[in-house]
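J.: Chains as they are written, first to last, in the UniProt record's numbering: chain A, 1 to 300; chain B, 1 to 1018.
Simulated from the structure, these hints should not be mistaken for laboratory data. Source: prediction; values computed, not measured. Hints are supplied without guarantee of correctness; some may be wrong.
[As the list claims (entries may be wrong)] Taking lysine to any residue pairs in the SDA-like style, the calculated list, with each CA pair at most 25 Å apart, reads: (1) B:LYS39 with A:GLU26; (2) B:LYS332 with B:LYS942; (3) B:LYS942 with A:VAL56; (4) B:LYS109 with B:HIS131; (5) A:LYS87 with B:GLU927; (6) B:LYS39 with A:ALA71; (7) B:LYS249 with A:ALA71.
[To be verified] Quick list of the computed label-pair ranges, beta carbon to beta carbon: (8) B:LYS951 with A:LYS87: 31 to 39 Å; (9) A:VAL166 with B:GLU74: 18 to 26 Å; (10) B:ASP401 with A:VAL166: 45 to 53 Å; (11) B:ASP66 with A:HIS58: 55 to 63 Å; (12) B:ASP607 with A:SER84: 52 to 60 Å; (13) A:TYR205 with B:ARG251: 47 to 55 Å; (14) A:GLY217 with B:GLU74: 52 to 60 Å; (15) B:ARG123 with A:LYS87: 21 to 29 Å; (16) B:ASN966 with A:TYR205: 32 to 40 Å.
Cβ atoms here follow ideal geometry from the backbone N, Cα and C, with glycine treated the same way.
Chain by chain, the residues:
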Amino acid sequence: MALQSLDITRRSASPTASPQARKTIEIAKLIDVSTCIGCKACQVACSEWNDIREEVGHNIGVYDNPTDLSADAWTVMRFAEEESNGKLEWLIRKDGCMHCADPGCLKACPSPGAIIQYSNGIVDFHQENCIGCGYCISGCPFNVPRISKKDNKAYKCTMCSDRVSVGQEPACVKTCPTGAIQFGSKEDMKDVAATRVADLKTRGYANAGLYDPQGVGGTHVMYVLHHADKPEQYSGLPKDPAISTTVQLWKGWLKPLATIGIAAAGLFGFFHYITVGPNRPDDDDEHAAANPAAKQEDKA
Amino acid sequence: MEVNRRQFFKLSAAQVGASSLVAMGFSPAEALAEVRQYKLLGARETRNTCTYCSVGCGLILYSLGDGAKNAKAEIMHIEGDPDHPVSRGSLCPKGAGLLDFIHSPKRLKYPEVREAGSNEWKRISWHDAIHRIAKHMKADRDANVLDKNADGVPLNRWLTTAMLTASAGSNETGIITQKFLRSLGIIATDAQARVCHGPTVSALASTFGRGAMTNSWVDIKNADFILVMGGNAAEAHPVGFKWAIEAKKTRGTKLIVVDPRYNRTAAVSDLYMPIRAGADIPFLGGVINWLIAHDKIHWEYVKAYTNASFIVGEGFGFEEGLFSGYDEAKGKYDRSSWAYELDADGNAKTDPTLQHPRCVWNLMKAHFARYTPEVVTNLCGTPVEGFLEVCKQLGETARPDKVGTILYALGWTQHTVGAQNIRTMAMIQLLLGNMGMPGGGVNALRGHSNIQGLSDLGLLSTALPGYLTLPNEKDHPDYASYIAKTTPKALQPNQFNYWSNTPKFFVSLMKWFWGDKASADNNWGFDWLPKWDKLYDVLHIVELMHQGKMNGFIVQGFNPLASFPDATKVTQAFSKLKYMVIIDPIATETSTFWQNHGESHDVNPADIHTEVFRLPSTCFAEEDGAIVSSARWLQWHWKGADAPGEAKGDNEIIGELFNTLRQMYLQEGGKVAEPILNVAWNYRDPNAPSAEELAREMNGKALADLPDPKEAGKFLAKKGEQLPGFAALQDDGSTSCACWIFSGSWTQAGNQMARRDNTDTGLGNTPGWSWAWPANRRILYNRASCNPAGAPWDPTRKLIGWNGEKWAGADIPDFKADAGPDSGMNPFIMNPEGVARLFCTDKLADGPFPEHYEPMESPIGTNPLHPKVVSSPAVRIFKTDRERLGTHKEFPYVGTTYRLTEHFQFWTKSVLLNAIAQPEQFVEIGEALAKEKGIVQGDTVKVSSKRGFIKAKAVVTKRLMALQVNGQTVHQIGIPLHWGWEGVAQKGYLTNSLPPAVGDCNTQTPEYKSFLVNLEKA
């Protein structure tokens, strides 16, 4: 069912190219921080729809609960008390996956088909294919994915791909009491944002603006911020997010080099085993050495 | 370069491992990937209404199976109904988590009893439970019911068993409970309205004629200015607050928040101003003074539609903090001097020029002249510029084409001056001409899903359905005196004075109570109604229990141990009862008040001899019925699944209990048995009256053909038909109606409450969606949106207008439809004056004008306006409670309690999704005070009052600022109220161990918003 409704643009670590013929609407979720009341309805609706329940935690002296994203909490509200020009502000930001156009997680993921980008812009994790290596976490400039302790697989917001695939909005969007979260085509969301930014400017927020960072090719979750010049004020939203050097390198010249190196190591190991017998692997190369099939790697 | 050797090998190795799997043929299918399958395609959808607050959001319940008989429906998902005109698919964190309420591990499944002195529950059968309870009740009633007083007035008053009714129950449960209660003679009864919006009813009814939110949720979008004060709309009513945000987005509306805390409403406001809890009247009184001084008055409106020109009698006065007529010994006012001067015809004298020194305008002006900006700042601690900005913004709306609204809730009601807080704002809205206007009004945001309905149904000690009063022993010993004293005479010529129809409402109600047994010969069964002597509100009930004067307590969907003030006293009071009956879907602290929970609830079960019965009831998702939203919409909901275990519907529980009792009276006889034997109980299954039957009774039906007085040969209704509305009610016994204001909700055309046409007829009005009392009017007093000549004050905001023949428009006119502008009839049709009251004559216990009095526990210990009268002179406080008041010397900080958006009262700590979102009890402390006390973020602190203490986590925040009040620094501590020991959240202390048992002068709603505490690091 869903394969027909959501076309795939990119798959992690997959040998074949994805079909590119069909064009679908590029969607986006717009989070207008200036009308967010931090009620956490989005958190609750997310967990309800997705059948996840975080453990009941503790109050640690702030309103934030759960205190961080987890495999069982895909979105959390982050509260920051800030004072500027003698005026107190309570900046409340819904944190979760940004669904980057150029997703660092997907680039970093070594497991074929564990991370998928649909042509509408959603970046989805497919846990059946996840090997729990955690590279998506190092690949993510927003520190979003989390590995579950129960099954050692990575989880994050799916943008309710199951709902979007049948034409519905994500659960958080639907439930949002004040309409601070909206959903539609990315183009429409940019228009909505422009209207909001204009309103905020009339209310004295000279630096109001849209957060759609180009360092990751733009995102499919965007924010309207009263202080777009200082995104860090919103509980550390990165000013200029970009995919980490490690992942960039990996996808660039390092990967083929490593492949050759590993293949060589594998072959060496294989012949070493045949000719010399078993060796005791040191900590660093135990994985590679344990896998004599590495010679297949050059096809990837 | 951040790639070291180890990273390089890890990356490479994983790639090798993964790609190798592909190579070995394990994963081509997975590599394509699919999204999770959409889970609702074939699920059955049932329409319902959220059970928490009174925004009344639409729900869709999704259940397993498609409704086939062989499939057992199990609700597996709930989301918002996108067709609902108010919620439009949204749900707040409570509504979004409803699934976990329905499936809470704390749901009750079987009847249980906790025997005297025992430390455990024992499962029993329904039969045994009902029979044991009925025996207790009959024994107590037979021993204690009062038959007649010394003058021979029949009393049917049973004071030794009390009952609380459920604000989340349906109207249908409410009305059958009303019949049950009054036939038994119970007047020690109350609903959650007493601990929340009692003062709203009192204040708004005494000003405008009806005690309800005046406009609707969607209408907030029509406001040019929104003040949120005495409430926290974003947190307590998030989905209703949608429309405040809509106004901001679409009209450029300014939103100002005035509150002791910078709260989540403040987070999206244009301006936030701090205020000391309990200093709202100085602030609002200051606004009145400023508006008058700066001539920001909608003069035409004020002169035409208020009593500004009415002349007050000579005896009225105000001096040194006291209005005329104060009796110090009684601690009460004789209110006879708070009256108009009448002419020979009984009409109030007026001076349209407003020159008369005793006209309301001049008295009001003089009264509030004392509330200067300096006085405001001194008492409130609010910066003067902020106060003036609020005045300016409000003042802008004095123009006919600018309208402002106020959203408030318990921040104003839960004070000894609760009703007067609201009165002050009501007066401001009249001065600005904002009443009856789209985008205006005084919007009381009710807290519980059907507390509006329970208020409407008279489930309060001295009330009857439709805001009729229960007869009083002294004032109304017989039918004639009741009718004479409760039917007002018009105070101006040509007024509608709708309460002049009281006899029709009352006789129709009696026909519902007693059926064929009510006749003109027996005054419609008047003698069988219980007669009250005093108000038995919850504070009074607890006091009587504490004195050992009560034996039984029936608690339907209420958690009084957590909800009532001074939990220690409440526990002692409950421990003196013989029996307690809990009817609830979930486990409450009240039901386990006999359990020891360490220092948070240190009791010895063996010492408590109360027999406690716990009966499991259905919740909203498991029943049909209607509940009334804050905007007075009666919305019908449908059952989505069966209740768990042996849980039964409330109607069934009340039905079985009543019939068991009645059977006992039939067989054994008993004291004052007549009302029990005579009450009409003609339901298809007497043990389980259906929601439909009861809803139809609330609408009312014709008991004989009702000829149409306007057209010969036509009928308003034929015998046996449902009535078209309350205009058809009669006082000759030919109509029966359980609640006159609900008449029109289930007519011959069917169930109007189930209507789902969301067509916008203009300005966001959706008259085809559900049904609103009265007569489906959505904005009360909407005649006042037009000038006296019948044209809208603001042509862009035309709600109704006079078309030459009648009033018509987007809303149903709240007026006599054919009374033209030249009729002289005025818009406030429930008031005998026809106009709204700036001076509310004798309607309130504590004064015809609001005056600032300090909370009973004042942080400054004086009242700079009149040091001899510090707190309100009209407060009722029991001796034992007075002894439990603290002073600012021992308890220097102001405590104020409130709700968090993640939780609903004491229910959602039993709901996993909400427990996750806000898991543990905390208090909010300003940075300055925290520093002084050496408290840091996340510390455990102890907050204590004269009455008890709690321990909680500290949220240290910039959002609570130290205020300068009367020359001293006042720190306020914010205390969310949601915790206890039952539930799935972290266990906590009962917040209401802290506040004092003293209430609003008019309604006894407890002073939860301002009391004194101390603070230490635990």
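J.: Given the range 47 to 55 Å, decide if the beta-carbon distance of A:TYR205 to B:ARG251 lies inside it.
T.: Violated: the Cβ-Cβ distance is about 18 Å, outside 47 to 55 Å.
J.: So if I understand the rule, the pair passes when the alpha-carbon distance is 25 Å or less; does B:LYS942 with A:VAL56 pass?
T.: Satisfied, since the Cα-Cα distance of roughly 23 Å is no more than 25 Å.
J.: Could you see if the CB distance from B:ASP66 to A:HIS58 stays within 55 to 63 Å?
T.: violated, 43 Å
J.: Starting from B:LYS249, check that the Cα of A:ALA71 is at most 25 Å away, please.
T.: violated, 35 Å
J.: Between B:ASP401 and A:VAL166, does the C-beta distance stay in 45 to 53 Å?
T.: holds, 46 Å
J.: Take the C-alpha atoms of B:LYS39 and A:ALA71, compute the straight-line distance between them, and say whether it is at most 25 Å.
T.: It holds: about 21 Å lies between the C-alpha atoms, which stays within 25 Å.
J.: Given the hint of 31 to 39 Å, check if B:LYS951 and A:LYS87 actually sit that far apart at their C-beta atoms.
T.: At roughly 34 Å between Cβ atoms, A:LYS87 and B:LYS951 fall inside 31 to 39 Å, so the hint holds.
J.: Quick check on a hinted range of 52 to 60 Å for B:ASP607 and A:SER84, using CB atoms only.
T.: Distance hint for B:ASP607, A:SER84 holds at roughly 58 Å.
J.: What's the verdict on B:LYS39 and A:GLU26, does the C-alpha distance respect the 25 Å limit or exceed it?
T.: holds, 24 Å
J.: Kindly confirm whether 32 to 40 Å is satisfied by the beta carbon distance between B:ASN966 and A:TYR205.
T.: holds, 36 Å
J.: Just tell me: holds or violated, for the beta carbon distance of A:GLY217 and B:GLU74 against 52 to 60 Å?
T.: violated, 44 Å
J.: Given the proposed pairing of B:LYS109 with B:HIS131, does the C-alpha separation stay at or below 25 Å?
T.: holds, 19 Å
Checked against the numbered hints listed earlier, the structure breaks hints 2, 7, 11, 13, 14, 15; every other hint is satisfied.
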